[in-house]
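Colleague: Make a model of the complete structure from these sequences and hints.
Counting in our numbering, the sequence shown runs from 373 upward without gaps.
In case anyone wonders, no lab produced these hints; they're calculated from the structure. Be a bit skeptical, because a hint or two may be false.
Pair by pair, the computed Cβ-Cβ distance ranges are [unchecked claim]: (1) 384 x 414: 15 to 23 Å; (2) 418 x 398: 25 to 33 Å; (3) 386 x 414: 18 to 26 Å; (4) 384 x 413: 17 to 25 Å; (5) 386 x 413: 15 to 23 Å; (6) 408 x 385: 26 to 34 Å; (7) 386 x 412: 18 to 26 Å; (8) 397 x 418: 26 to 34 Å.
Just so it is clear, CB atoms sit at the ideal spot from N, CA and C, and this is done for glycine as well.
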Amino acid sequence: MFNNDNKKREPFAPVKKALTNEKCVEDLVTLKTAVQIYVVVSKKDE
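Modeller: Given below as structure tokens:
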């Protein structure tokens, strides 16, 4: 059904994986934290 090439280019694959994972909440919290850190670092560079 899904093409392997699409999976490699899919930026939200970790999110989809987290949503289907037993540790869903934990993974999403980790992802959210990583995004917040990325935003802070990006602003610092400007």
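Colleague: Next step is simple, just say for each hint if it's right about the structure.
Modeller: Against the structure, the hints:
1. 384 x 414: 15 to 23 Å: holds, 19 Å
2. 418 x 398: 25 to 33 Å: At roughly 31 Å between Cβ atoms, residue 398 and residue 418 fall inside 25 to 33 Å, so the hint holds.
3. 386 x 414: 18 to 26 Å: 19 Å Cβ-Cβ, so the 18 to 26 Å window holds.
4. 384 x 413: 17 to 25 Å: holds, 21 Å
5. 386 x 413: 15 to 23 Å: holds, 19 Å
6. 408 x 385: 26 to 34 Å: This hint is violated: roughly 20 Å between Cβ atoms.
7. 386 x 412: 18 to 26 Å: Distance hint for residue 386, residue 412 holds at roughly 20 Å.
8. 397 x 418: 26 to 34 Å: holds, 32 Å
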